[in-house]
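Given the sequences, and given the hints that come with them, work out the whole structure.
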Amino acid sequence: MMSKSWGHVVMAVLVALSLTVPLGLTDAMGAAASHGTVKIATQSPLSGGQSVLGVGIKDGATLGVEQAQAALARAGWRVLVVPFDDQAKPDVGVANAKRIVADREILGVVGHLNSGVAIPSSEVYKDANLVMVSPANTNPKITDRGYKNVNRIVGRDDVQGPVGAQFAKSQGAKSVYIIHDKTAYGQGVAEFFRDDARKLGLTIAGFEGTEEKSSFDAIITPIEAKNPDLIYFGGIYDQAAVFFKQVRERGIKAKFLGPDGMDSPELPKIAGNAVVGMHYTTVAGPAAFYPEAKTFAANFKAKFGRDPEPFAAQAFDSARIIIAAIENVSRRGRPDRASVAAAVRNTKNWKGVTGTISFDGRGDLAKAKYFVINIVSADPAKWGSNKLVRGIDVGPGSR
Amino acid sequence: MTTAVAAIDFELLGRIFPRVLVDGILLGFVYSLIALGYTMVYGVLEFINFAHSEIFMVGAFIGAEVLLILQAARVLAASPPLLSLLASVLAAGVIAGLLAVTIERVAYRPLRGAPRLVPLISAIGVSFFLQDLVRMIWALHRNAFYLTYPPIEVFNQRFPAGAYALWGGAAAVAIAAIGWLMRRAGRGVARARFESLSMLPKYTSIALGIVSVGLLILDPNRVLTVPVKSLVVIGASLLVLSVLVYVVNQTKLGMAIRAVAEDQATASLMGVNVNQIISVTFLIGGLMGGIAGALFGLQFGTVNPYSGFIPGLKAFTAAVLGGIGNIPGAMLGGLVLGVLEALAGSYLSLISGGAFGAEYKDIFAFSVLILILIFRPRGLLGEVVREKL
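Protein chains in written order, with this note's numbering: chain A, 1 to 399; chain B, 1 to 389.
No lab work stands behind these hints, which were simulated from the structure alone. These numbers were taken from a predicted model, which means no experiment stands behind them. Be aware that a few hints might be false.
Incomplete in silico selection of chain B near chain A, CB under 7 Å [as the list claims (entries may be wrong)]:
id	residue
1	R19
2	D23
3	F145
4	S346
Just so it is clear, CB atoms sit at the ideal spot from N, CA and C, and this is done for glycine as well.
Dropping the structure here:
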């Protein structure tokens with residue numbers, strides 16, 4: 001008797017859960033206007049340890065679509081954003097990608113946060129000629145495959161890594177110890193950093209990959225013994241913060257450096273004082289570094305009640321580039337995916353809030369920005385006041 | 001990736017050895033505490049409670065939550081650090097213990113007569129459920145995926161290991177003296193009871209003595225510094241483990257637990273309330289899992305809803321390594337696995353010149369495990385157990 005009543009409770013809970021899941025989607029699909037509906041999908045981690053950045057991408061893109069859709073709306077198109085949660089996992093990203101290409105109304109994707117997710121997912125988009133504009137992916141492989149539909153509005157790790165290595169040298173570091181997270185992004189940028197550091201004459205005291213998230217003791221012990229001048233972490237803040245904190249607790253005084261994966265107020269939130277004074281390189285400066293992004297930041301705050309996260313401005317631009325392309329194509333009739341992708345690739349001198357954007361033949365920025373930033377405070381609320389140490393504009397392959 | 005294999009720097013390997021050992025023992029004690037939850041439940045039910053890793057994680061969250069509440073109320077800095085720690089660890093243990101009892105009541109007891117795989121699947125389900133429940137609760141409560149333990153300054157201070165060794169040695173002598181006095185006092189009516197109770201200081205002082213002498217031998221130059229919190233973790237684990245050994249081997253309750261583990265039907269004929277004893281077993285297992293969670297959080301600083309999975313898996317391995325169902329075996333298994341992991345993690349890349357990094361530490365640790373199980377299929381301390389009908 002007891003077990004039966006439990007069964008009913010469980011059933012009721014399951015039914016309730018299954019009812020709540022599709023609500024978000026039905027809302028987005030709503031009633032169609034005269035011409036029909038076009039949709040922009042976003043893919044980024046909306047849950048889990050990197051959701052702060054992922055939600056920023058989703059919200060940035062939502063704001064972008066909202067502001068840019070006026071012309072399309074006048075022409076009778078209803079424009080919707082469909083957010084997907086890739087959980088920062090390649091398999092989830094690919095599964096979402098299959099759902100995205102199956103929806104014929106989706107004409108563009110803004111995403112992803114993680115290169116390791118973007119690379120396999122974009123294979124699915126490629127087969128459907130669906131355009132992807134990445135607001136955050138820096139791994140060279142994203143565009144080096146030469147796909148017509150894959151673009152990014154940020155720089156590349158084969159420049160970002162060397163920018164970091166040169167900065168390390170300029171800081172007087174003679175030996176560096178490199179840790180990475182074994183993802184396409186983290187390991188990739190760490191290898192570029194290592195190769196360039198070696199060329200610059202720095203000693204590579206160690207190069208280690210780890211998926212550990214809590215106990216870094218075993219990795220820290222050799223670092224302590226080798227006593228490097230600088231520790232580079234190729235990876236994302238959620239793992240790096242715990243690592244840096246434990247390194248400092250060991251009493252190791254080496255300088256810290258990392259790539260754009262460090263760019264989140266969650267870093268000091270977890271690591272506290274351990275990361276104050278450290279530097280990171282990034283391809284997406286805080287909104288404050290872009291003069292044109294001021295209005296964007298104000299609008300973002302008005303709509304979502306918080307300052308834009310790193311990459312939100314890039315997602316805002318990515319969405320608007322796709323909308324502009326759809327608008328161009330729709331003048332000639334119902335927009336299809338292949339012509340939207342071609343129109344995006346043809347973007348030249350487009351004025352965005354993160355700079356003037358022109359894509360080269362591979363979907364890279366003709367000229368990308370790279371920054372070195374100094375973390376000034378352990379207070380997550382002061383993340384926006386981090387200091388710009390260095391800013392460089394370079395194109396791909398010009399190093 | 002490395003082309004030239006550098007010569008192995010033996011001096012370096014030797015220099016970091018005490019540190020590696022301390023790291024390994026520390027991790028080992030955490031594994032031991034979790035492993036006991038697996039092994040005790042297996043002992044009485046012959047069932048692997050895969051939700052135990054989430055009980056550990058819940059303990060870690062509760063431990064952090066207590067400290068965060070104390071911090072928000074501005075009493076954390078003002079109150080004695082050991083007291084806040086005690087509050088955090090006890091709350092974590094009690095809530096995790098009650099959670100374990102609830103899980104048993106809701107998810108396992110209705111399935112007791114079912115084939116063995118059924119409660120196993122139920123346990124895996126509970127495990128997923130708890131991960132996402134915790135994720136949801138703390139997302140709503142603090143809008144956080146991670147909980148970071150607020151730093152307690154005293155625990156982060158570091159002292160030379162040699163200093164600890166001297167104190168540890170002194171403590172060992174003192175505890176041994178108490179034990180001797182207890183044995184003497186026990187020469188009266190309640191002799192048996194006192195004698196059994198006096199085993200506790202005896203083992204504790206022996207363990208402390210070994211650790212202290214070991215530290216002095218391993219680190220003659222006194223270069224190894226250890227943060228206070230690591231000592232707290234080791235000390236708390238030792239205390240919890242000795243209490244457990246005492247309860248299981250020397251009390252009436254322990255006798256009932258052992259009886260149920262031996263044969264449920266006969267135990268119930270002898271007047272043992274089997275359901276109650278099973279609940280108590282889950283309570284004890286959960287209690288230790290929760291305490292381990294809070295100590296783990298204190299040591300490593302940050303926890304997330306999925307933090308339990310890997311330590312849980314390792315602890316389960318430790319329980320099998322020691323001989324599942326065997327309590328001293330779980331402790332030994334935890335320590336062996338912890339030390340193996342630390343050795344592999346720190347030495348693999350140094351010895352192989354970077355060809356095999358720390359990411360291979362689990363492969364090494366688990367290879368050793370497989371080897372041990374090939375030669376001792378029932379684990380290090382496992383006995384040949386009669387198959388139950």
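Contradicted hints - numbers only: none
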